[in-house]
Each structure stands twice: as structure tokens, then as C-alpha cells.
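Trainee: Chains as they are written, first to last, in numbering that gives the first Met the number 0: chain A, 0 to 305; chain B, 0 to 305.
Among the hints, a few may not be true.
Put simply, identical chains are the same to the list, so a pair is met inside one copy or across any two.
As the list claims (entries may be wrong) - Computed list of lysine-lysine pairs in PhoX-like fashion (alpha-carbon distance at most 25 Å, straight line):
#: 1; residue 1: Lys37; residue 2: Lys1
#: 2; residue 1: Lys94; residue 2: Lys70
#: 3; residue 1: Lys1; residue 2: Lys83
#: 4; residue 1: Lys109; residue 2: Lys15
#: 5; residue 1: Lys109; residue 2: Lys148
#: 6; residue 1: Lys1; residue 2: Lys94
#: 7; residue 1: Lys125; residue 2: Lys94
#: 8; residue 1: Lys253; residue 2: Lys109
#: 9; residue 1: Lys109; residue 2: Lys70
#: 10; residue 1: Lys125; residue 2: Lys253
#: 11; residue 1: Lys83; residue 2: Lys253
#: 12; residue 1: Lys70; residue 2: Lys253
#: 13; residue 1: Lys83; residue 2: Lys94
The hints are simulated quantities; they were obtained by calculation from the structure and are not laboratory data. If you're wondering where the values come from, they're calculated on a predicted model, not measured in any experiment.
2 protein chains.
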Amino acid sequence: MKPVIVVHGGAGRIFKDREEGARSGVTTAALKGYSILKQGGSALDAVEEAVTSMEDDPHFNAGCGSVLNEKGEVEMDAIIMDGKNLASGAVSAVKCIANPIKLARLVMEKTEHMLLTDHGAKLFAKAMGVPEIPGEKLITERSRERWSKNLEPDSNPQEFKKDPGTVGAVAIDNEGNVACATSTGGLTNKLVGRVGDSACIGSGGYADNHVGATSTTGHGESMMKVVLARLILYHMEQGMSPAEAADTALNYMKTRVGGLGGVIVVSNSGDWAARFSTKQMSWATVKDDQLQYGIYTGEIHTSSVC
Amino acid sequence: MKPVIVVHGGAGRIFKDREEGARSGVTTAALKGYSILKQGGSALDAVEEAVTSMEDDPHFNAGCGSVLNEKGEVEMDAIIMDGKNLASGAVSAVKCIANPIKLARLVMEKTEHMLLTDHGAKLFAKAMGVPEIPGEKLITERSRERWSKNLEPDSNPQEFKKDPGTVGAVAIDNEGNVACATSTGGLTNKLVGRVGDSACIGSGGYADNHVGATSTTGHGESMMKVVLARLILYHMEQGMSPAEAADTALNYMKTRVGGLGGVIVVSNSGDWAARFSTKQMSWATVKDDQLQYGIYTGEIHTSSVC
Numbered sequence: 000m001k002p003v004i005v006v007h008g009g010a011g012r013i014f015k016d017r018e019e020g021a022r023s024g025v026t027t028a029a030l031k032g033y034s035i036l037k038q039g040g041s042a043l044d045a046v047e048e049a050v051t052s053m054e055d056d057p058h059f060n061a062g063c064g065s066v067l068n069e070k071g072e073v074e075m076d077a078i079i080m081d082g083k084n085l086a087s088g089a090v091s092a093v094k095c096i097a098n099p100i101k102l103a104r105l106v107m108e109k110t111e112h113m114l115l116t117d118h119g120a121k122l123f124a125k126a127m128g129v130p131e132i133p134g135e136k137l138i139t140e141r142s143r144e145r146w147s148k149n150l151e152p153d154s155n156p157q158e159f160k161k162d163p164g165t166v167g168a169v170a171i172d173n174e175g176n177v178a179c180a181t182s183t184g185g186l187t188n189k190l191v192g193r194v195g196d197s198a199c200i201g202s203g204g205y206a207d208n209h210v211g212a213t214s215t216t217g218h219g220e221s222m223m224k225v226v227l228a229r230l231i232l233y234h235m236e237q238g239m240s241p242a243e244a245a246d247t248a249l250n251y252m253k254t255r256v257g258g259l260g261g262v263i264v265v266s267n268s269g270d271w272a273a274r275f276s277t278k279q280m281s282w283a284t285v286k287d288d289q290l291q292y293g294i295y296t297g298e299i300h301t302s303s304v305c
Numbered sequence: 000m001k002p003v004i005v006v007h008g009g010a011g012r013i014f015k016d017r018e019e020g021a022r023s024g025v026t027t028a029a030l031k032g033y034s035i036l037k038q039g040g041s042a043l044d045a046v047e048e049a050v051t052s053m054e055d056d057p058h059f060n061a062g063c064g065s066v067l068n069e070k071g072e073v074e075m076d077a078i079i080m081d082g083k084n085l086a087s088g089a090v091s092a093v094k095c096i097a098n099p100i101k102l103a104r105l106v107m108e109k110t111e112h113m114l115l116t117d118h119g120a121k122l123f124a125k126a127m128g129v130p131e132i133p134g135e136k137l138i139t140e141r142s143r144e145r146w147s148k149n150l151e152p153d154s155n156p157q158e159f160k161k162d163p164g165t166v167g168a169v170a171i172d173n174e175g176n177v178a179c180a181t182s183t184g185g186l187t188n189k190l191v192g193r194v195g196d197s198a199c200i201g202s203g204g205y206a207d208n209h210v211g212a213t214s215t216t217g218h219g220e221s222m223m224k225v226v227l228a229r230l231i232l233y234h235m236e237q238g239m240s241p242a243e244a245a246d247t248a249l250n251y252m253k254t255r256v257g258g259l260g261g262v263i264v265v266s267n268s269g270d271w272a273a274r275f276s277t278k279q280m281s282w283a284t285v286k287d288d289q290l291q292y293g294i295y296t297g298e299i300h301t302s303s304v305c
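Just chain A, with the same shape it has in the complex:
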């Protein structure tokens, strides 16, 4: 099997002055993940590496650069899933760690559980030797500005929901194993303790070697209502291509619950899709040593990976 990786940096509205940073961030992440796949690494390692790269990049709403909750804090959710055995690990409402996706993988590999939350996740991180960092290290000036702006009495509560949320990656390795990973700071000015789709298996991501893998982004509560990731794979089980399955599921989410979002998909035969019902979604993919990426509908840049 030829390896493939697809990543997204969030569906929503990307401001003009941040477009180049988003393009650069997703292509870097896709290339890092692809490099692992080319060396014979696993899909699981590739998606973890790609998501870690975007968690560390302040352009994205995950890890450093996460949006802030109502109290001005960063609280993050993340999930990783192995399509071979449906094993998965996730964390919700975690603070003061640099890479929630790495902690999610430790949950998968070092516990009998699949999701650890808040205080318990903190205890687990400590037991695993994951360093605690000051919460401020995850907060960018921009996140703080948007947070305080949303507290103003005349702010439009719907407006901030358009901020791109979530980063994610899906991959298939040369052994035909698929995996997905998703990580997010959630919704700007969310209630303390709000958990979104990204910690919730089937909503924020799903991976199954029998079908493929997907990672989702957009309005978390809408994606949870339709269990978006699992829905996409159902459609593929019924014979749809990744793009058809993605469009069908996104359209259903829009008509049934009024929610917008975006998804990346890879099938177990290596077909892929990056689709969104929002105005923009930053995405990138590498397949056959060819990098493709874009932000707007119809925008596809192609270049060779040497």
C-alpha cells in the first residue's frame, strides 16, 4: 500500500492576514507525517506527529494558540484512534500541557480506558511524566484579544463561532493500517468544562481498517448531534467514495441541525478527500510524493515532494 496522509487546520473563517500561516502550517504538518510513513512508520505515528506539529503552531486552535474559555483559560480536548483494532485514547478539558494528542495516545496505550478528563487526566499526565507547563504558555496575544472582545456587551455571540476550530490528521501506512487524530482548544468563551466532539469517539474522529479514517472540524455540538465521523464511514461502507461520503454527511448536518464544518477522509484503498461546508478550511495532503493543499473551495496547489 502506498502511504497517504491528509491533515486539516480547522474549518471556519480564516482571516486574510492569517491565510499564509495556515497554508504553511498544514503543509509542514502533512510533510512531517508523510516523512514518517515513507520511512515505513505507522499511520498512528504519522497522525500523532502531524497533529503535534499543528498543536505547536500558534496559528491553530489547538495546543499553543488555543482559544480561551469564559474564564480566559485554555482547556483542550484530543483523540487518537488506531484502525487496526479500534483502540482509541482521548483526553477532555485538559490544561497546562503542550501536546494533548500525546497524552491521548498514552491513555490508549497505558490504560484500560479510552477517555480521561480534567483532574484525572492531570493526575495521569503527572504519573506518565508529562511535564506541566504554565497555562500562559499556550495563550497567544490574539486569543486573549478575541476572548476579551467577546466579553464586551455589544459582542456578537454568533460571530466567534466562525473561528476555525480543531486540527486533525488521517493516514494510511504501507501495511494498510489507518489512523486518525484530532486536537482542539474548543469554542471561544465556552463554559468551563465544556467538552466538544474532539474528545468523543465517532464525532471528532473514527478509524477502522475495514473502511478508512476521518477527522472532523467545525461546530462541535452539531458534529456530536449527528456523530459525524462515524456517519461518514457508514456511507463509505455503503459504497460511497470518501468525497461523496463527506459531502453527504456534511449536507445532512447542515439540513438536520443547521451545523457547518469540514472533514478529511482516507479510505483503506488510499483514496482521500478534504471537504467543507464552511467558507474555508485549511488542509494538505501528500500521496505519491505529491503535496497538495488549499484553503478555499476549489483552491488546490500542487507540488512535488523531493
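Given chain A, put chain B in place with the hints provided.
Mentor: Same frame as chain A, but now just chain B:
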């Protein structure tokens, strides 16, 4: 539409001396929920009432009677879902409240979110005026005994996993709306902050007026791996009856990830099923003023509701 309610009190092993209490608890819960439906109440109110009844009953692993985590504390998960609009509310890892299912409903109705966890859920409960109770009030002598027994060096870590987990209810009201509710104390001696299927939409429950509603019980991590509740409704969308869909999904969970469990299902035409791959599951249903209930495979007691 004639109203129907189905409830479960957990799939797993029910000790002989607790069988009568389990039968009594599920029939009481089903009758309470049915009474609401007969008076023209909503499916949502009926499932909340039935689950509240079992949370208050120390025979079940939810609310009072919950099993204890590794630190000897009660941490609970719950979810409620409205099939009309796919709205849902859930809480995870909550402590010191009597009825997590009621808090889950408040999340659904009073916030723009779907899942609040741990510390944030506590703040929300306080803001909603939900009384905090001493954690000890939720702990029974039996829960404490089993917890300390599992800490002994020669305890069998697999043994306690057979304890029945989770209570749940599904219903259809006379307007044809379906709903589900699920509540649990989780796994005995679980890690602090472990969240199971019961807080996770699509795994612990799902309700959609276009298809039906289901609530699940059993080994939480296995149910999450296959997104069990959504899988059952997916099979029904493909034309299976509730019983066929339940058996197909439970069999898939057993063969694919080695997990056992049980489910209750009601279709949007009022057909129902209570199926399990464990040795036992306490369940009860009321339809056409007829109460049915049982614990073992093939055990069905029938009586008229006057």
C-alpha cells in the same frame, strides 16, 4: 402513537441475593416512566423519570449505589437525548450530586453545549441551584466492600468488570417523539477521571425520531470502540427490526473487540427490544398497559398495568 417505555438496570452478572431487588427496581422505573407517557407527557420526561428512579435505588450502579473509582470515590457519567431535534446533554466525572441525569438535562436545555465535565460541571450545577450532597451519601456498604476487595493483591482484575454497569431508558410518546437516557457510576476501581460510553453520544445512547432510540450497558470501552448506540440505529435505518439490529450490533462488538453488553431499543413505530450478550441484564417494558420484565435470557414475566 401508543406510548412505550423500556428500561434496563445494567448488563453483567447479577448476584442471586440481588435479583429480586433488580427486578423490582426496573419494573418500578418502567411504571413511573409509563405513567408520565399515559398522562400525555413527553418521552424526554419519561426517560428522565425512569432513570432518576434507578439512580435513587441503591441496587443499581448509578447515583446512589454507584461503584467506586481507584480512590474510593463516586464519579458519574450521564446522557439524555431528544429524538426530535437530536439535542442532547451529558455530564462526565461528576461527584456529589444525587441525579446526574437531571444535570445532563439542564446542560441540554440551559447551555449551548452538550457535555460538561468534572470541575466545570460542578460549577454549572451550582449555578443551576442543584444541591451538592456529601459524596458518602452515594456510597453503599456493598460498593465500599467491592472496592476494597479489588484493592487486595490477589484480586482478579477481570472479575469486577462483570459487575452490571449503567441504567437506562428509552421511550416513545403519543406524539411519536423518542428519547433516551443513560446514567452510570462506571467501572469499579477505574482511574480517577475515566469517562465511559455513558457520557459519549452515539456510544451510551442515541435517539432520532426518524429511526428510534437506544440506551446501552456493558463494557464501556468496547461500546465506545464500535459506537454501539449509533450502530444499532444505523442497522434499523437499513431495515432491521430493533431485535435484529441489537443482536447484530452486540455480535459485532463481541467478535470485533471482544466486548459484552446489553441494549434496549424502541423504534419510531413502537417496536421494542431488550437484548444482551452478557449472562444477565435486568430490563422492563410497558406497552399497551402490559408490563414485561426479566433478568435471564428467555425470562419474561408479564402482567397487566391497572
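Trainee: Cα distance capped at 25 Å. Does lysine 109 pair with lysine 148 within a copy, between copies, both, or neither?
Mentor: between (41 Å within a copy, 23 Å between copies)
Trainee: From the Cα coordinates, with 25 Å as the cut-off, is the pair lysine 83 and lysine 253 best called within, between, both, or neither?
Mentor: between (31 Å within a copy, 16 Å between copies)
Trainee: What label fits lysine 125 with lysine 94 when the C-alpha limit is 25 Å: within, between, both, or neither?
Mentor: both (12 Å within a copy, 22 Å between copies)
Trainee: Could you place lysine 37 and lysine 1 in one of the four classes (within, between, both, neither) given a Cα distance threshold of 25 Å?
Mentor: Only inside one copy: lysine 37 and lysine 1 sit 9 Å apart there, 60 Å across copies, limit 25 Å.
Trainee: Which holds for lysine 70 with lysine 253 at a C-alpha limit of 25 Å: within a copy, between copies, both or neither?
Mentor: neither (30 Å within a copy, 44 Å between copies)
Trainee: How do lysine 109 and lysine 15 come out at 25 Å by Cα distance, when the copy is not named: within, between, both, or neither?
Mentor: Cα proximity of lysine 109 and lysine 15: none, with 42 Å in one copy and 35 Å across.
Trainee: Check lysine 125 against lysine 253 for me: Cα-Cα at most 25 Å, and say if that holds within a copy, between copies, both or neither.
Mentor: neither (41 Å within a copy, 34 Å between copies)
Trainee: Are the CA atoms of lysine 1 and lysine 94 at most 25 Å apart within a copy, between copies, both, or neither?
Mentor: neither (37 Å within a copy, 49 Å between copies)
Trainee: How would you label the pair lysine 109, lysine 70 (within, between, both, or neither) given a Cα cut-off of 25 Å?
Mentor: Answer is between; shortest inter-copy Cα gap is 19 Å, intra-copy 32 Å.
Trainee: Is it within a copy, between copies, both, or neither that the alpha carbon of lysine 253 lies no farther than 25 Å from that of lysine 109?
Mentor: between (38 Å within a copy, 23 Å between copies)
Trainee: State whether the alpha carbon distance between lysine 83 and lysine 94 is at most 25 Å within one copy, between copies, both, or neither.
Mentor: The answer is neither: 30 Å in one copy and 35 Å across copies each exceed 25 Å.
Trainee: Between copies, within a copy, both or neither: which fits lysine 1 and lysine 83 at Cα up to 25 Å?
Mentor: Cα proximity of lysine 1 and lysine 83: one copy only (17 Å, versus 44 Å across).
Checked against the numbered hints given earlier, this structure breaks hints 4, 6, 10, 12 and 13; the rest are met.
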